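J.: Here are the chains, one letter per residue:
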Amino acid sequence: MIRLGIPSKGRLMGQTFDWFSDRGINLVRSESDREYAGHIEGIKNVQLIFLSASEIPRELSSGRLHFGVTGTDVIQEKLVGFNRLVEPVSELGFGFADLIIAVPSFWVDVETLDDLDAVSAQFRDTHGYRLRIATKYHRLLREFLMKAGVADYQIVDSQGATEGAVKNGLAEAIADITSTGDTLKANHLKILSDGLILKSQATLFKSLTADFSQEENQVAKSLLKKLKAKN
Amino acid sequence: MTDLKDLSREAKRLAVVFEATGAEVVELDFLQISNVLLDLYGEDIRGRAFITNDPVYGEMMLRPDFTIPIVEQHMANSLSPARYTYCGRVFRRQEEFPDRPREFLQVGYEIFDGANPEKADAEVFSLVNEALNGIPFRIATGDIGILMAAVRSLSTTETRKRALLRHIWRPHRFKTLLNQFSGLSSKPLPNQDLEDYNKLIDKFQTIGSRNVQEIKVRLQQIKLESETDPIDPEEVKILDDILSLKDTCKVALSYLEKVSKKMPGIEKTVDNFAKRLDFLGSNGIKVDLLDFEGSYGRTSMEYYDGFVFGFYSETYKDLAPVATGGRYDALTERMGQGKKIPAVGAVLRPDLTLLIRGNNHD
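As given, the protein sequences belong to chains A and R, one line each in that order.
Position 195, counted from 1, in the first sequence is what our numbering calls 195; the numbers after and before it change by one each time, with no gaps.
With positions in the second sequence counted from 1, the corresponding number in our numbering is that position plus 1000.
Derived from the structure by calculation, the hints contain no laboratory data.
Fair warning: there could be bad hints in the mix.
[Stated by the list, open to error] Only some residues are given here: those of chain R computed to face chain A with a beta carbon under 7 Å:
#1 Gly1047
#2 Arg1170
#3 Ile1201
#4 Thr1206
#5 Arg1218
#6 Leu1219
[Claimed, not checked] Here are some chain A residues the structure puts well away from chain R; computed CB gaps all over 10 Å:
#7 Phe17
#8 Ile25
#9 Asn26
#10 Gly38
#11 Gly42
#12 Lys44
#13 Asn45
#14 Glu91
#15 Leu208
#16 Thr209
It should be emphasised that the depicted structure is a prediction, and the values quoted were computed from it without experimental measurement.
All C-beta atoms in this analysis are idealised placements derived from N, C-alpha and C, irrespective of residue type, glycine included.
Can you make the complete structure from the sequences, with help from the hints?
T.: Quick look at the structure:
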C-alpha cells in the first residue's frame, strides 16, 4: 500500500486536489470530512494520509510516507541533509513563498546584509543585548547569516503572526515567508535587497528512506506516469 | 564500536600528563545556563550545542566545552594564578558532519597566570605534545595577537579598526570590509544627501526598539566613512601578507621582524612570538620544523586572541583535530567584569588518539 501525504487544511489542500485532478487523478477524502484519511478514485493500493504540511517532512524522512506534498521551505528547515532523505518529484506551481529577512521600513540606513551586520554591532553597543530576529525558520536563518558573516544577532522563536513581532516589541527584525509582500508593508517592514534565503513552492516529494515492495513499486510507477501527463 | 574501557584508559593516560603538573582537577555540571554561552558565541552556538529547557532557569545547554565554565568559575572565585585540568564528556550537534560523534571525551588543561604568558604558551603546547607522544601528526600554529596588532596599527579611524577586529574570526566579511575601507569596492549606502534620508524616515511609522536617533547616528557614520581616505595600499598589502603567511616558525619570525620595522605597532607581539619560540625550544620542541600560518585559528572558536595551535592526524586526514589550544586573554576580561588575567589552554580528544593508536598497531 502506497502512502501519500496530503496537506490537511486550507488552500494548500484545495490546490493539491486540483493539481491531481488536472492529471486525471481524483483524490477522495473519506466520507466524514473529519477523518484524516482517503483514497484515489479508481486506483487501489494508494492510501491518502492527511497531515499538517509541517509534519509531512518528518513522516517522509522516517519512511512512514512514500510520497508527500509540502513546501520546500519546511523540508529544508526540518530535515538536516534533506537531499539524502527526500527527492522532489514535481513542483506543483502553487504555494509560492519566499523566505526573506525584513526590517522596519523606517530604517533608511539599512538595505543589505552588510548594513544589517553593522546595525547589529551598533544595536548591541547601544542596548547591551543582541539584535533579535523573530522566525520559525531557525536553522535556515542561522545558516544563511553564518555564511553571510552577520554577527551579534539572536533568534527569537515566533511560530505565527511573525510580521507583527517588531511592532509588538518582540524583535527588531524578522525572517518569514512572504508571497506578495503586502502583509510586510502593512506591518511597516521592508525586505533586505540581498535577504532572500530561499524560494519555496508546494512540491511532491518522494521518500528515499521508505521501503517499496515490488507491488508498491508498480503502483508508484503507474501513478507517477499519470502525473507526468497533464490533461 | 570503541570499547569504553579502552577509551577511559586512554583518557587517563592523557590526563596523567596534565595532573602531574599539580593542576587542580575540576568537574563541571553537564547542564549550563545558555545566557553566558550565547553572549560569548552568539547565535552560532545554538547550531552546535544541544539545547533544553528548565522551567526555572530557562534555556540550558549540554556543555559544549569546558573552557568557558572554567573561566567563569575562576573569575568569580579568585584572581590568583591557577592551573586546571579536566576529563569529561562534551556534547555537540552535528548538522554539517552527521558522521561525527554527538558526545565525546575531552581532556583539557588551562593556565591562568600573567607572570610569563609566553612561557605558559610553551608549557601548554609542550604538555600536549608529550601527551600525544608516538602519534604521527601534523602541527599547525598561528598567532591571532599579531593579526589584531596589525589591524590596530593601521593608520585609519578607530571605527574602521573596530569593525575589522570584530570580524577577525569571519575571514569573508573581514575581506569585504577591508576592500571597502581600502577603496576597492563601493560603499554600502548610495549617494543622496543626509537630509534626504532624514526626511525619508518621517514617511514611515517608527516601530521596534531601535529608534530614530540611532538611525541618524549611523547615517552620520556612513557619511563620515565615505569622506574618510582609503587605507594606505602599502598597509593593506602588509596585512594581506601576514594573513597569507605560511612557513616554518623560524622563517615566519624573521619575516615578521622585518615587517615590524615598517609597522611598529606589531613589534611587541612579534617579540612575544620570538620569546615563545625560545621557550618551546628549551622544552625540546623542534621549532625549526614547526609550521606557522598567519590565518590559523580564524575560523575556529571566537575567543582565541593570541597563540593558537592544532594537532592533526597524518593517518586520517579528514579527522577533526586531535588537539587544539590557544590563548584567550580577552575572554577572561569579558567574563571578569573588569577583572582580567592572561590565560591559555588546550583540549585533547582521547577517542581520536585511541583510533589513531589502534590503527598504528595493525
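J.: So which hints don't hold here, by number, going up?
T.: No hint contradicted; all consistent.
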